[in-house]
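Quick note, in the working numbering, the sequence shown goes up one by one and the last residue is 466.
The hints are simulated quantities; they were obtained by calculation from the structure and are not laboratory data.
A portion of the hints provided could be inaccurate.
[What the hints assert, rightly or not] Computed list of lysine-lysine pairs in BS3-like fashion (alpha-carbon distance at most 27 Å, straight line):
1) K374 <-> K290
2) K189 <-> K163
3) K435 <-> K458
4) K281 <-> K374
5) K236 <-> K365
6) K458 <-> K290
7) K325 <-> K365
[Unchecked claim] So the derived label-pair ranges between C-beta atoms look like this:
8) R158 <-> E424: 38 to 44 Å
9) Q322 <-> S359: 33 to 39 Å
10) E164 <-> E329: 22 to 28 Å
11) D239 <-> N339: 40 to 46 Å
12) D239 <-> D418: 27 to 33 Å
All of these numbers come straight from a predicted model, not from anything done at the bench.
Even glycine gets a Cβ: it sits at the ideal position worked out from N, Cα and C.
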Amino acid sequence: MRVYDIILKKRNGNRLTKEEIAFVVDGYTKGEIPDYQISALLMAIYFQGMDDEETSDLTEAMMKSGEVYDLTSIPGKKIDKHSTGGVGDKTSIILAPLMASAGLVVPMMSGRGLGHTGGTLDKLESISGFRINLTKEEVISNLKKINAAMTGQSEFIAPADKKMYSLRDITGTVESIPLIAASIMSKKLAEGIEGLVLDVKVGTGAFMKDIDDARRLARAMVDIGNLKGVKTVAIITAMDQPLGKTIGNSLEIKECISALRGKWPEDLKKVTLTLGAWMLRIADEISGQKAEDIQKYKERLEVLINNGSAFNRFVEMIDAQYGDPETAFKPSLLPSAKKMKQIIIQKEGYIQRMDAEKIGIASMMLGAGRQRIEDTIDHSAGIILNKKAGDYIKAGEQIAMFYYNDDKRLKEAEEIFLSGIEIGTEKVKTKDLILEVIE
């Protein structure tokens with residue numbers, strides 16, 4: 028078998044066999060196939076696409092390139108949730124302890140932020156001492172003790188994906204639905220889970236700007252999961268404005284702490300409880316129990332928020348991952364910026380649009396994000412929104428507060444933030460947050 032022939036085959040629009048895909052993935056992981064040949068193949072896939080079977084075979088080959096967790100020794104249903112990323116998207120940090128307190132086992136493998144989107148790992152590292160590079164043994168130990176572990180992708184999990192993603196990033200082949208689906212699902216399936224809820228975001232602040240693309244990606248991932256014996260559901264959610272009121276690492280942790288104590292913005296609550304309810308429903312379906320109405324599951328989760336169970340599990344999770352559990356009781360221990368600036372709106376009317384991507388870029392410019400993977404971030408920097416789309420604002424009123432330590436890009440951040448705000452005389456109906464469920 029020659030890589031050259033496989034490249035030609037895909038370039039000409041033909042489907043690759045399971046053996047050909049496995050040969051390429053295995054050879055590339057071992058360093059036997061050079062970057063330039065894989066780059067050519069990725070570009071051929073980008074233009075010619077892959078059918079469902081090819082995408083499933085690629086996912087499996089990437090998953091098998093590294094370690095696959097065996098969690099069968101741990102009692103309880105192993106259910107994870109994954110988001111395709113957005114601005115102010117902090118649901119994972121609330122869901123891990125919440126679902127663990129509901130009796131699910133949640134092995135959550137998360138990522139870092141890049142560009143205008145935030146990363147769960149960066150947010151968690153705002154907590155003093157919190158370790159996100161857990162070993163396999165530590166993950167399993169935490170799952171047995173407290174039902175939850177939040178960790179980064181180790182070098183042993185889907186190493187083929189890590190290598191291929193770096194290459195896609197510099198060869199213009201990121202926006203390919205088969206490649207995105209295989210990248211996400213190879214890591215998720217390696218966790219040894221039984222069920223998965225996908226939050227596929229669509230809108231200005233999401234990777235997918237178009238609902239049809241979001242549907243195609245959701246369907247591809249759901250089909251892969253179900254084909255591999257992992258019950259998978261995708262929820263398509265709107266990401267036209269930031270989720271919640273905070274954007275930036277320590278600021279978002281503070282909002283998560285408030286949420287776990289029952290004080291949270293309605294949009295964050297709705298998305299989080301919907302995702303959590305589907306996690307419970309999947310667990311029941313896997314167990315052979317009759318699935319309840321989604322609203323019933325949401326009510327069960329609200330009880331765990333209101334009685335302190337979810338918050339207490341969050342404290343235990345911080346402690347189990349070597350962080351300072353006192354942070355949950357005293358959010359003032361989190362990193363805080365030395366400088367603040369009020370952002371004032373000079374026009375009166377209804378906020379018709381808050382462009383999530385532009386607000387995410389503004390937050391990144393303040394230091395909360397990274398433009399390149401090697402950039403360091405300022406955990407204390409970010410933005411708190413005083414108003415959201417649909418709200419009325421008076422001229423001279425504060426729409427947001429900027430938090431920062433380095434003001435070299437402050438003016439630029441303010442300009443891009445304000446360019447994403449639209450004020451009008453008519454009150455607009457904001458888009459529903461939960462757009463579709465794909466099973």
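Comparing the hints with the structure gives:
With a C-alpha separation of about 30 Å, the suggested pair K374 and K290 falls outside the 27 Å cut-off, and the hint is violated. At most 27 Å may separate the alpha-carbon atoms for a hinted pair to count; K189 and K163 meet this at roughly 18 Å. Proposed proximity of K435 and K458 is contradicted: the alpha carbons are some 35 Å apart, above 27 Å. Under the criterion of a C-alpha separation no larger than 27 Å, the hint pairing K281 with K374 is inconsistent with the structure, at around 30 Å.
At most 27 Å may separate the alpha-carbon atoms for a hinted pair to count; K236 and K365 exceed this at roughly 35 Å. As the CA atoms of K458 and K290 are separated by approximately 23 Å, the hinted pair is consistent with the 27 Å bound. A distance of roughly 39 Å separates the Cα atoms of K325 and K365; the hinted pair therefore is violated under the 27 Å criterion. In this structure the hint that R158 and E424 lie 38 to 44 Å apart at CB holds, the actual value being about 42 Å.
For the hinted restraint 33 to 39 Å between Q322 and S359, the CB-CB distance of approximately 37 Å keeps it satisfied. A hinted range of 22 to 28 Å is violated for the C-beta pair E164 and E329, which are about 35 Å apart. Remark: the range hint 40 to 46 Å for D239 to N339 is upheld by a beta-carbon distance near 43 Å. For the pair D239 and D418, the supplied restraint of 27 to 33 Å holds, since their beta-carbon distance comes to about 30 Å.
Of the numbered hints listed earlier, those contradicted by the structure are 1, 3, 4, 5, 7, 10.
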